[in-house]
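**Q** Residue numbers (the working numbering), protein chains in the order written: chain U, 1 to 161; chain R, 1001 to 1657.
Keep in mind the hints are simulated off the structure, nothing from the lab. Please note: incorrect hints may appear among the correct ones.
[What the hints assert, rightly or not] Straight-line Cα separation of at most 20 Å, PhoX-like style, residue types lysine-lysine; simulated pairs:
#, chain 1, residue 1, chain 2, residue 2
1, R, Lys1476, R, Lys1543
2, R, Lys1334, R, Lys1375
3, R, Lys1648, R, Lys1555
4, R, Lys1377, R, Lys1470
5, R, Lys1635, R, Lys1566
6, R, Lys1635, U, Lys120
7, R, Lys1656, R, Lys1555
8, R, Lys1377, R, Lys1413
9, R, Lys1638, U, Lys128
10, R, Lys1377, R, Lys1350
11, R, Lys1656, R, Lys1566
12, U, Lys56, R, Lys1334
13, R, Lys1141, R, Lys1113
14, R, Lys1350, R, Lys1326
15, R, Lys1008, U, Lys135
16, U, Lys56, R, Lys1350
17, U, Lys128, R, Lys1614
18, R, Lys1543, R, Lys1566
19, U, Lys128, R, Lys1413
20, R, Lys1638, R, Lys1555
21, R, Lys1294, R, Lys1377
[Stated by the list, open to error] One side only, chain R facing chain U, incomplete, derived with CB under 10 Å:
#, residue
22, Gln1019
23, Gly1591
24, Lys1614
25, Thr1616
26, Lys1618
27, Trp1630
28, Lys1635
[Said to hold, decoys possible] Which chain U residues stay away from chain R? Per the calculated CB distances, all over 12 Å, these:
#, residue
29, Pro38
30, Arg130
31, Gly131
C-beta atoms are modelled at their ideal positions from N, C-alpha and C, and glycine is treated no differently.
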Amino acid sequence: LYALLVRLTLREDVADDLLQELVLRLSRSEGFQRAESPLGYARRAAIHLSFDWHRKRRHERNIEDPSEEQAAHAAGPLAVLIDREDYERVLAGIERLSPLGRTCVVLHYVEQLSYAEIAKQLGTTPHKVRGVCHKGVRRLQQFVGRTSNSAKTKGGNADER
Amino acid sequence: MPMNDDLKTILRRLNRLSQIEPNDEAARRALANVRERLVGSGAEPARPLLSKPTRSFLRSRTMYPRVAAVVLACAAIIAILVVLNSSGGPGQLAFAQVIEKVEKTQSLTFRTKNEGPGGHAEDEMQIIVLPDGKMRAENSKILSIQDLKAHRMLLLFKERKTAQVIEGFSPPSPAAADLNVYEMIRNIRKDAVERLPDEEIDGRKTIVFRVELKGLPKVGNETPRGKIWVDPQTELPIRIEAVAEDENEKPVTSVMYDIEFDQPFDPAIFDLAPPKDYSVQTGGVANFPDLPEKADLTAPEIIPGVGLGPIRFGMLREKIESLLGKPDGYEGNKTNLLYYSRGFTLSVSKRSGLKGIHCTSQTLTMNRVRDFVGKTKEGIGIGSSLEEVGKAFGKADRDEGVNSFNKRLAYDKYGLEIQFVDDKVIMIDMNEIRSQVEESPNERKDAAEQQSPKMAGRTLKINVVGPDGKPVPGVKIRDGIWSKEMTAKTNNDHVCDAQGQTVIELPSTFDILRLFTRCDGYVPLFTHWEQLDEDPPDAYTIKLTTGTLIGGVVKDEEGRPIVGAKVEVMMAHDPAANRKRTCFTAWLAEGDDARTTDVEGRWTLDNVPAGDVKLTLKVSHPDYQSDADWGGLQKEQKMTLEELRKQKATLIMQRKK
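So here's chain U without its partners, still in its complex pose (with noise of 0.2 Å):
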């Protein structure tokens, strides 16, 4: 869980908070003690806390927190990132999706997760659930499609490199 919230926030120390979040709820959370999978529970409320806390970040902050540009450049494990504001897009373009879209892309294409075992902690079919990462791909590209344009007009390099 804690990788997981390191991949979709490239904070290690956001996602450090957010794992204490994280736990605190589920473990006041009846639907967490109901849930028949309490692992796809568990991810899936991660996956909502993360982009609650993009949303946050962009809705709420007066001042921009200096730190996340050291952040952005910190080294171990994220510096694989080698233009990390790509990602972030892909990410904001991930938050875009319906709930389910952004559930079923993150599982699938950033957990690994099979559409078997994605449709089994959903409670659907591994048919749906393929069919909603394939649409949200396609959202996904065309949202950093037209974001990367614009970041090319404005000077920005979006390329991958």
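Given chain U, work out where chain R should sit, using these hints.
**A** Chain R alone, transformed into the frame defined by chain U:
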């Protein structure tokens, strides 16, 4: 269908995201933090539950890190220049001349980059420094302009077109105060200097010296060293290198090259006005107000785990401001109250009230701030020594120092984190200690009484009415309250009285309140007040919607009714409905509320909303092959809503082999 490049790129990026693995140490730390918050560690008693400000919050209070790279570079160059002026040994006269020449110049231009494990390509900067304390540093992503005399700094993030104006910019010592190169050159220290063999740079012969940089953080336990290359013709430095340590304790070699003096420049490049097409955010405090006269407001006592002077953890912003006066400024949607003129900032949640107290000093913050002068009853405050802190609080639970230069001791039982530089306290962070608060009921009561009457032991009266507006008795309401108060119950069940009323007791502070309302014949409802939402009123009316009947029969393969089959029903949920204060719940019959088939294999459910709804069933029986997932048998047997509405929906279950 062929995959286009955009799609390939996205899939590649998603794949790269999946490959990220946090380092073991970070994961261990995260798990340890979870353990601390929830269960305590091992056989030891549970550690107190801290309402801990996030690390990023604390870090943002201490340093503007992107600028810190420049600060580090500048501090290094200055330290070396200072050393030159005071050095003995070979070349002494030449260096004195160098300093004299430098002092006569009107501008210094150089490029800087950081090399080594802690260095990043993004740190490359083009820097111009003027004798009057102005500095401009720029790379492809960031431009910073700072004016030490005007106490103002402008930070431009070029790609996002956002500008930050920092009012009351006041660089800390020892490193950042040295940003004024020319001023620093006048402050001479006696540091070690060693002449190295001459070297050639770009075909030019240079004199090389190695110096110790006592003004910079140590690398491990050693004083960082630097090298300087001086052009014997101009008697001015042309390249400087300094090895220092970044915030992750990784060695960074700051390289200053292309050093030139008195290069022509346009004075407009130091204009501190943000560009018109940038969105501007302003932080810091330009002017300090007069200090209040009361000593408990200017030098409030630090009461570990409880509060500061007259304020207490859990206190709401309005109450804090009524006791302390208006803050000098705010940050983060009024969640950070800045009392820089008194040396502290407060982290306040809209619902949970005061969460963190941060007593600070100018030593490590870029914002102009007066050193905090309050102390604990043991006499610990800013400037106290490591030894004094040890005597007052004993052995620390953890040392969270970011490097050998910065020690950060955590005392969990006191809810304290104390930061040291050169073994002197420069910052005290304080969090609420839950267990300690429970042990001090009087103080807790005091704090509660100081809250607005609305929040102290308040209640929420619920009225439940039917579609005709008349009260509905016997309605079951389950509450879900998310509160950090350990005494607050998470879930409570209520039943409405003959007047359709019930009263929900609320803790003094909470983050989320959710109500699940259920009554036979009515559609179950979900009512909620989420984080950062408005406060619940003193009374709230829930209006029920009459449900419609659905039903069906469960049979075996031979057409015999199955008795005791469990039928659960879920309704497709519209996420947009959650934005409403009250909406239908998706779980019409689930868990304890599931329906069971009778002797004729029949089941009914009377709480389904009218109209076109999408229902999903899950049917199970211990002796029959049951639905593993929602909607399995239903889809397989093509059950329709119309059949369900007519109560003629038949499901066939196969006996387990």
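**Q** For each hint, tell me whether it holds in the structure or not.
**A** Structure-based check of each hint:
1. R/Lys1476 with R/Lys1543: Holds, at roughly 13 Å.
2. R/Lys1334 with R/Lys1375: violated (26 Å)
3. R/Lys1648 with R/Lys1555: Distance ~12 Å between R/Lys1648 and R/Lys1555 Cα, so the pair holds.
4. R/Lys1377 with R/Lys1470: violated (60 Å)
5. R/Lys1635 with R/Lys1566: Since the Cα atoms of R/Lys1635 and R/Lys1566 sit roughly 17 Å apart, the hinted pair holds (cutoff 20 Å).
6. R/Lys1635 with U/Lys120: Holds. R/Lys1635 to U/Lys120 sits at ~16 Å (cutoff 20 Å).
7. R/Lys1656 with R/Lys1555: Distance of about 14 Å is within 20 Å: holds.
8. R/Lys1377 with R/Lys1413: Given pair R/Lys1377, R/Lys1413 holds - Cα atoms ~16 Å apart, limit 20 Å.
9. R/Lys1638 with U/Lys128: holds (16 Å)
10. R/Lys1377 with R/Lys1350: violated (30 Å)
11. R/Lys1656 with R/Lys1566: holds (16 Å)
12. U/Lys56 with R/Lys1334: holds (14 Å)
13. R/Lys1141 with R/Lys1113: holds (14 Å)
14. R/Lys1350 with R/Lys1326: holds (17 Å)
15. R/Lys1008 with U/Lys135: holds (15 Å)
16. U/Lys56 with R/Lys1350: holds (14 Å)
17. U/Lys128 with R/Lys1614: holds (16 Å)
18. R/Lys1543 with R/Lys1566: violated (30 Å)
19. U/Lys128 with R/Lys1413: Distance of about 51 Å is beyond 20 Å: violated.
20. R/Lys1638 with R/Lys1555: Holds: R/Lys1638 and R/Lys1555 sit about 15 Å apart, inside 20 Å.
21. R/Lys1294 with R/Lys1377: Holds, at roughly 18 Å.
22. Gln1019: Hint on R/Gln1019: holds, closest Cβ of chain U at ~6 Å, below 10 Å.
23. Gly1591: This hint holds: R/Gly1591 lies near chain U, its Cβ roughly 6 Å from the closest one there, short of 10 Å.
24. Lys1614: violated (13 Å)
25. Thr1616: holds (8 Å)
26. Lys1618: Hint holds; R/Lys1618 Cβ to chain U Cβ min 8 Å, cut 10 Å.
27. Trp1630: Holds, about 4 Å.
28. Lys1635: This interface hint holds because 8 Å falls under the 10 Å limit.
29. Pro38: holds (15 Å)
30. Arg130: Holds, since 15 Å exceeds 12 Å.
31. Gly131: Holds, because the least Cβ-Cβ distance between U/Gly131 and chain R comes to about 14 Å, which exceeds 12 Å.
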